[in-house]
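Engineer: This is what each chain is made of:
Number of protein chains: 2
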Amino acid sequence: MSTAGLPMTVPAEGLPSRVRIHEVGPRDGLQNEKSVVPVEVKAEFIHRLVEAGLDTVEATSFVHPKWVPQLADAEELYGGLADLPASAGVRLPVLVPNERGLERALALGAREIAVFGSATESFARANLNRTVDEALEMFAPVVARASESGARVRGYLSMCFGDPWEGPVPAGQVVDVCRRLLDLGCDELSLGDTIGVATAGQVEELLTALNAAGVPDEVLAVHFHDTYGQALANTLTALRHGVTTVDASAGGLGGCPYARSATGNLATEDLVWMLRGLGVETGVDLDRLVATSTWMADRLGRPSPSRTVRALSPTKEQ
Amino acid sequence: MSTAGLPMTVPAEGLPSRVRIHEVGPRDGLQNEKSVVPVEVKAEFIHRLVEAGLDTVEATSFVHPKWVPQLADAEELYGGLADLPASAGVRLPVLVPNERGLERALALGAREIAVFGSATESFARANLNRTVDEALEMFAPVVARASESGARVRGYLSMCFGDPWEGPVPAGQVVDVCRRLLDLGCDELSLGDTIGVATAGQVEELLTALNAAGVPDEVLAVHFHDTYGQALANTLTALRHGVTTVDASAGGLGGCPYARSATGNLATEDLVWMLRGLGVETGVDLDRLVATSTWMADRLGRPSPSRTVRALSPTKEQ
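Read top to bottom, the protein sequences are chains A and B.
The numbers in the working numbering rise by one with no breaks, and the one at position 237 of the first sequence is 1698.
The numbers in the working numbering rise by one with no breaks, and the one at position 168 of the second sequence is 1629.
No lab work stands behind these hints: they were computed from the structure.
What you are looking at is a predicted structure, and each value in this text was computed from that prediction instead of being measured.
A hint or two may mislead.
Identical copies go unnamed one by one, so any copy, or any two together, can satisfy a pair.
Said to hold, decoys possible - The list that follows gives simulated cross-link-like pairs (lysine to any residue, SDA-like), each with its CA atoms no further than 25 angstroms apart:
(1) K1495 with R1763
(2) K1527 with V1498
(3) K1527 with D1516
(4) K1495 with V1680
(5) K1527 with W1756
(6) K1495 with D1648
(7) K1495 with A1601
(8) K1527 with P1629
(9) K1527 with V1502
(10) K1495 with P1764
(11) K1527 with D1746
(12) K1527 with G1675
(13) K1527 with V1497
Looking at chain A on its own, in the form it has when it is part of the complex (with noise of 0.2 angstroms):
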């Protein structure tokens, strides 16, 4: 099928200009794979990435290496991205649990960190063995180093439409933590969809509760989990209300999208189109994504889950 001029572009009212694309798949996608990825599979899709369009990056966690085994070499890993300069505009975010995993990154030269906190306590128990207010206790240091730094700091945080064991999240408790990480110091919030429950009157009541609180579009980035299938209208919906930050994974990446419990991310091949057919510019070349996404998945040993890197893909058809 040929694609020549599609899809179509017809600008759509209410839509921002410009959208900046926060990709996690190297860092959120890559690190439930069960086989370890080679640091220089990691490093050189890191690279294309960036040479695709992608102008921010995360780029890995500095976790203890106990914890996340996919991530033992987030020092060798950074250390080979010395050549995306800052000066040309690539940003290459790190997340960092506490104040040793802030010294490892800050000493790499990092200028942009993550700290990842929960809006509910089952979570913040699940990830992180805290309640909510030990793990904003955890976070304060670490943010006030990081800004003393002149590192830009972006807060994550979970399960903001929905929890597995405390099902539904009124947004009240999710803009409470948001209010009290921006109190810390954050520089932008990444509200989490973890489990894909979200739908698209929820996405508004909780940016709305957010305005209400003095939480501005302008600092907020929307991340959503292709669960139940509702990521892209999500997002849409979250431009809508004026968020100008989208998070996505390259191919779709993370968790497994052939499970029950399919968690992959957006991906961010099919982010793209639709904000190319809305004439919303992103700064990416499509076709050198899903060529980046088609060589992944082929690293990986199996096909990506975005629907556009399959339609896009030149791998045979099945």
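Dock chain B against chain A, hints included.
Structural biologist: Then chain B, alone, in the frame of chain A:
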């Protein structure tokens, strides 16, 4: 994972209170299967869909068996659905390509038929071996005769947003064919994005152009394919515009979801998840629907491409 209370119901402004789902799985979904599905399986599939609360289920197509061997059992299948009474609100539309097909359908008591036109010359030639004008001439006596006999007539229009040979399809061209189908006597039009390339702005533009040409939302249905992952976002856009009838396929049946030219329909389950979250009534019992699609996937020997089915299916994780 528990999904008790999920998705959380939060209505959004500007949406209808109820959506009619036009279920196309048994016809549009199964007609592309390589191996013929036994007529008993098709009949059970349709019965299960009705029991799950879908009141409009497109049952089969009265095309010549030489064209589509999968549909050679149309008479036998339709005859086996006589226990699903129109008096209970069940609608079982069937496709008819010409007067001969219409007579076969009417002889079996069909009260709702559909003709299938094309917005582009290339697809009219490929699918019907006719020009757009010739196809409309062929439909004229079919629609007239169906209307005379009291049957409701749906007009399908393919390639409303893009065409594999012609690229982008201008809205004005689609509006023209829509007007002519309505002038023939069609009661409803289904706007098909046959190759799944549409994005939200284009959807909004076409619907607005149709309204301006005197075609109200009430006679329109939208029929999106998920080739580029856009189906649900486009559907939400159409609902916000005012459309209240949506075509979808149980389990996302249709085309081969794992091949390059994946042409899967919007999965009914993903649509129902969204509408449940938005508080929009559909009458569908999602658990029963997922059970039905899981059962059908077992019959076909491959997993459903619907993300919601994969998330909620009771089958073991891989």
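Engineer: If a hint holds in the structure, say so; if it doesn't, say that too.
Structural biologist: Structure-based check of each hint:
Taking the shortest alpha-carbon separations for K1495 and R1763, both the intra-copy value of 13 angstroms and the inter-copy value of 24 angstroms come in at or below 25 angstroms. In the homo-oligomer, the alpha carbons of K1527 and V1498 lie at most 25 angstroms apart inside one protomer (16 angstroms), although the nearest pairing across protomers, at 51 angstroms, exceeds that limit. When the C-alpha separation of K1527 and D1516 is checked against a cutoff of 25 angstroms, the pair qualifies neither within a copy, at 30 angstroms, nor between copies, at 54 angstroms. Within a single copy, K1495 and V1680 get their C-alpha atoms no closer than 34 angstroms, and across copies no closer than 51 angstroms, so neither meets the 25 angstroms cut-off.
In this homomeric assembly, K1527 and W1756 never come within 25 angstroms of each other (Cα to Cα): the closest approach is 29 angstroms inside a single copy and 42 angstroms across copies. For the identical chains of this complex, K1495 and D1648 are neighbours neither inside a copy (33 angstroms) nor across copies (54 angstroms), given an alpha-carbon limit of 25 angstroms. Taking identical chains as interchangeable, the C-alpha atoms of K1495 and A1601 are never at most 25 angstroms apart, the minima being 33 angstroms within one chain and 60 angstroms between chains. In the homo-oligomer, the alpha carbons of K1527 and P1629 never lie at most 25 angstroms apart, since the shortest distance is 32 angstroms inside one protomer and 52 angstroms across protomers.
For the identical chains of this complex, K1527 and V1502 are intra-copy neighbours only, at 21 angstroms inside a copy versus 51 angstroms across copies, given an alpha-carbon limit of 25 angstroms. Within a single copy, K1495 and P1764 get their C-alpha atoms as close as 16 angstroms, and across copies as close as 22 angstroms, so both meet the 25 angstroms cut-off. With identical chains, the CA atoms of K1527 and D1746 are never at most 25 angstroms apart, being 37 angstroms at best within one copy and 44 angstroms at best between copies. Taking the closest pair of Cα atoms, K1527 and G1675 never come within 25 angstroms of each other, the shortest separation being 39 angstroms inside a single copy and 66 angstroms across copies.
Only within a single protomer do K1527 and V1497 lie at most 25 angstroms apart by alpha-carbon distance; the minimum there is 13 angstroms, versus 52 angstroms between protomers.
Hints 3, 4, 5, 6, 7, 8, 11 and 12 from the list above are not met by this structure, while the remaining hints are.
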